[in-house]
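Visitor: Listed below are the residues making up each chain.
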Amino acid sequence: MIDFAQVLSHYNYWVIITLMMTGLYIIVARGNLIKKIVGLNIFQVSVFLFYITISKVAGGTAPILTGDPDTVYSNPLPHVLILTAIVVGVATTALGLALVVRIKEAFGTIEEDDILEIEHALESETEPQA
Amino acid sequence: MIAALKAHLPILLVAVPLFAAPLCALFRHPLFAWTVSMLVTAAAFAGSLCLLAMVMAGGPLSYYLGGWAPPWGIEFRLDAVNAIILVIVAGVGAVTMAYARASVGQEISRAAQPLFYTAMLLCLAGLMGVAATGDAFNLFVFLEISSLSSYVIIAMGAERDKRALTSAYTYLMMGTIGATFYVIGIGLIYTVTGTLNMADMAARIGELEQTRTIPVAFAFILVGLALKLAMYPLHLWLPNAYTYAPTVVTAFLAATSTKVAGYASLRFIYTVFAADFAFEERTLLFLFLPLGLVAMFASSAVAIFQSDVKRLLAYSSIAQVGYMVLGVSYGNVTGLSATILHLFNHALMKGGLFLAVGCVIFRTGSHSIDAFRGLGRQMPWTMAAFVIGGLALIGLPATVGFVSKWYLVLGAFERGWWPVALLIVASSLLAVIYIWRVVEIAYLQPAPAGVAVKEAPLSLLLPCWVLILACVVFGVYADPTVTIAETAAQSLFFDPGAGLPPMDGP
Amino acid sequence: MMMTPELALILSLAIPAIGALGIAVTGARPNLREAVTLLTAGALFAVVLWLLQHHLEGGVATLTVLNLLPNLPIAFTVEPLGLVFALVASGLWIVTSVYSIGYMRGNDEANQTRFYVCFAIALASAVGIAFAGNMLTLFLFYEILTISTYPLVAHKETPEAKAGARIYLGILLTTSILFLLTALIWTWFEAGTLNFRLGGILAGQIEGPAVAILFALYMFGIGKAALLPFHGWLPAAMVAPTPVSALLHAVAVVKAGVFTVLKVAVYIFGVDFLAESGAADWLLWVAAFTLIATSVIAVTKDNLKARLAYSTVSQLAYVTLGVGLATSMGIVGGTMQIVAHALGKITLFMCAGAIYVATHKTEISQMRGLGRLMPFTFGAFLLGSFSIIGLPPTGGAWSKWYLVMGAADTSQLVMIGVLMGSSLLAIAYLIPVVARGFFLPLSDQEDRPQPPGYEISTIRWSEMREAPIWCVVPPCLTAVLSVLVYFAAPTIAAFISPIVGQ
Amino acid sequence: MTHYLILRVIAKLMVGPIMLFALYVQFHGDFGPGGGFQAGVIFAAALILYGLVFDLTALRRFASLELLCSVMALGWLLYVGVGFATMLLGGRFLDYDFLAADPVAGQHIGILLIELGVGITVAATMLIIFEVYAGRKIATEGEDDA
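As they're listed, the protein sequences go chains A, B, C and D. First residue of the first sequence? That's 1 in the numbering used here, and the numbers climb one at a time after it. First residue of the second sequence? That's 1 in the numbering used here, and the numbers climb one at a time after it. First residue of the third sequence? That's 1 in the numbering used here, and the numbers climb one at a time after it. First residue of the fourth sequence? That's 1 in the numbering used here, and the numbers climb one at a time after it.
The reader is advised that the hints may include incorrect statements.
With a Cα cut of at most 16 Å, we get these calculated EDC-like pairs of lysine to aspartate or glutamate [claimed, not checked]: (1) K162/B / E117/A; (2) K361/C / D302/C; (3) K162/B / E112/A; (4) K12/D / D55/D; (5) K162/B / D68/A; (6) K162/B / D114/A; (7) K104/A / D161/B; (8) K162/B / E125/A; (9) K162/B / D3/A; (10) K162/C / E440/B.
Bear in mind the hints are in silico, worked out from the structure with no lab data behind them.
All chains should be built: construct the whole structure from the sequences, respecting the hints.
Guide: Structure representation (structure tokens):
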């Protein structure tokens, strides 16, 4: 018997898992290079959420010194970590989009199937004539 | 002064390239950028050798950043394993950088060259950082620094072949997924241990083995790193990326980036999760062993049918990663030494081979196997280098390949896995086939009529031969490398160096 | 400078290596290049002779260079077996060098510099094999020998040459990497050493069926010994120019193979251990089968070099059979066979080459009557054949004698029969060549009406069509040598007796 | 966009306050939420807004790609430079205690400089990304015209 209370109390995990699978699915199933990057972003965001939610302490406040020794703070470390990860994610997205722009210029398309077709054509051109 | 330098050596190896990279971007002059990069990589190589000597003489070192002592702050922890990896990265970096002057001059437009060197230095810094750091999250950051910059430098091959763009894109996708998996794993460990310091994690994980979180974290981290390592069957990004990247980049990445990812996996498998972690033992036996064997045979078999020499070597790299994975799967010290030895040895031979192919590209403009016709006579030095590198790949005695294979087979015997020992030697016969295809075409086919190809210039030959000669020297005199590898394996296996006193500041 | 044993050992390896360098440098000037070749060969032989004398005086020569792997150095030791092999290889190199000069120039071959360079490297590795002090060193030079002879086999660069070279390299590398290397590491794992030691290093370290398996790995791993079914490389290598077949595929390479077999039997397993454990029993039968089967194949071959190649495979099996007997007689017989067969077979190959240079004929059926035009060549061929068959007064008689004695010792009566039968087969495939040469009319004169008083069996000195003198003298010399060996045999037997504990 | 007067006026009014807010986030990062990353992005946002409304060429007039690249490199150098400075002053890499006689003051200076480096680099990088993407279009259109 599924313990619904248990399941619901971990709702953040369900959100994260849903997002993660959605992102991975998009990456695998979509042929459009931009959409793949969107999928990658959704995937990464799920991990960001994971870090952020695990550091939340029930009843805790933002980790800024208040001077009151009884204050409960949330764990600031994962937030800082994920800030770094977000920056990395932004950089990856920017680089990925830049590549897509260049691919569009070079191949004239950003659909994976079309690109593969062009690449195969190139491949058979350079095949040795033995 | 020397003492001060020595005390800060671990961070200097990472910080100096990190400092030099923006300089290249700031003063956008190709020659200046190359000079800076050359000096920095040479210095890093010297530093890494010094560090290796220090570690071999005095045992593991620890250095922490800022005013935060471990396990809170970021710690750089160095033992024989890291040190040898640092030597590989910096050494290959220095050699390929010397090679880059002529090769990059031909393959990349003048305006982009300074930025190329910037990215190259960043990649170097990232790889050095991964190897040096003792902090799991810091490792992720460095991994991404190196990955992002390697996507860039691979894509720079687009000036010659537009397929470099799509291969960089694929690499970016898979690399990012791998890195994200790694982060998930680290997050899971953090939730149960509350620490990011690897040594600290190792100390705390012991009690938590039974929880479900730890095996899940282990799986995530392993899959993430395996993607970066191009472990079969997660290697799909590698062949195209290596084929279409600029020559220097291919040689550099082939010799270093998979090695560093391999190191990181070793670190997690043996230091963070102890070797007697039951889930891990099963993973090694039921996952690493078969996958390593499949990689050895499947990738070598694919390599045989390639008509592009760079792609051929790329597939061979995947097969060689299979050897490393196999060594890990034994779960004994000999196997682990074999893996570490092969990390080092394979860097030498694959680096040398790719540089030799680079010489051919430099003169003929092609890396198709057809372009090699008659080169045995026209480019004797280049082809001689290729043959020696190839023999090393096959694993003939007096080359480094033999040494790795010796320990790999010995480890299998120690484990009592006779069939595996036979499979290892059998798989190297596939290497004979794909190497000999190229050799036959180069030496026994006449050059296409009317095409005169000159020998590559000295500035390319010299770096190439440095690596090739190293293949022979460390093949004939493997005593030092074996000793280092064994020390490294011992320290991974038995003594993670927990509770190491940090290095004093000056 | 004083000659020390260490220096002599270094020189014995360095001389051919430096020679190869010298040949490469002087490649543009053929006369100088050939002078370097001859000088190198002579110097090497002199050094080996010095080592022989040193050894006879009771001196011990060992040399440890550096550790290839921890506790596993590259080391050299002079011992009787190795000396015999080194003497044969380096001595015959001089003869072959003279011969190849005549052959290569007579045929106007391309890539002569590469040819001589690879030849010198091959010789260096043969000497390395001869003086290797442990199995790893031996393996190292064994592989260098394989690689350095590959360009020689592929010399002509024709599709057939390429295919032959591919088979050559394929089989030799496959066996050595797949079986020999595995055997090596296994031995290291069990015994903790790979040093050659009299009486073997494996006794007491390993037992049961594992001994036989390990022994099999060694025997099949040493592909150069051409044990069935791994003999295919030897006929394939016949696409090489004849001097290569003569020196390498009758002497250096194949003898390196059987020499390694002997070394493994004597110094790794130990004859006594082999006899006790019975690990070598199966080898007798494989060797016997190889012996007979390849002799039969040889009879069916019309191409002279192919026939000689199969004969070589068969003759090599004699040595293996000697090892399989696992008695001291067998080992002595095997060693004698190395010497006798080397001299005999090199004669035959050089004769085949001389015929090719003079008439460009390769098939035996085309050689009718040639004996009367080339009496010296065919005369040498006859003596060589005697040695291979085992007729006195040639060296081959002794090796067969010892082997039969060894078989009798162990009451292997079947083996005596096999040895006899194979000698008969040798008569069947060798003597017709000579007989056709002397007693049948020349193939292109068959249909012509003969002048009265014409005796087809007369040598007509006025019509003599011998090959260039450089090609004729060497086989005659080796033919004479193989007769001399008959008289020197007891000395050789006494020389190697210490290693078999007689 | 030249016709949309309201947009132009409001954008002009907004740019200044946004920059000011960026500076606030930058320097307040020492005591509260904020810091170089956020400030850099906000600062860049102000200029990107300007570029969107008044055309890329207007933005490029005072923030050309070359300049931005140099600024980015300088910010980056500032960050690593602080690390080297602490080492030269006798501490470890990025050990701010050594930047001033008093460790607490040193921490202040250190974090300020580091965040400044980060802010500069992030702002410059964001602008570079914007200009390069937007500029790509101009480049291709230019080719079409020619």
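Visitor: Could you run down the list of hints and mark each one as holding or not?
Guide: A quick look at each hint next to the structure:
no.: 1; hint: K162/B / E117/A; verdict: holds (14 Å)
no.: 2; hint: K361/C / D302/C; verdict: holds (11 Å)
no.: 3; hint: K162/B / E112/A; verdict: holds (15 Å)
no.: 4; hint: K12/D / D55/D; verdict: holds (13 Å)
no.: 5; hint: K162/B / D68/A; verdict: violated (61 Å)
no.: 6; hint: K162/B / D114/A; verdict: holds (14 Å)
no.: 7; hint: K104/A / D161/B; verdict: holds (14 Å)
no.: 8; hint: K162/B / E125/A; verdict: holds (14 Å)
no.: 9; hint: K162/B / D3/A; verdict: violated (55 Å)
no.: 10; hint: K162/C / E440/B; verdict: holds (8 Å)
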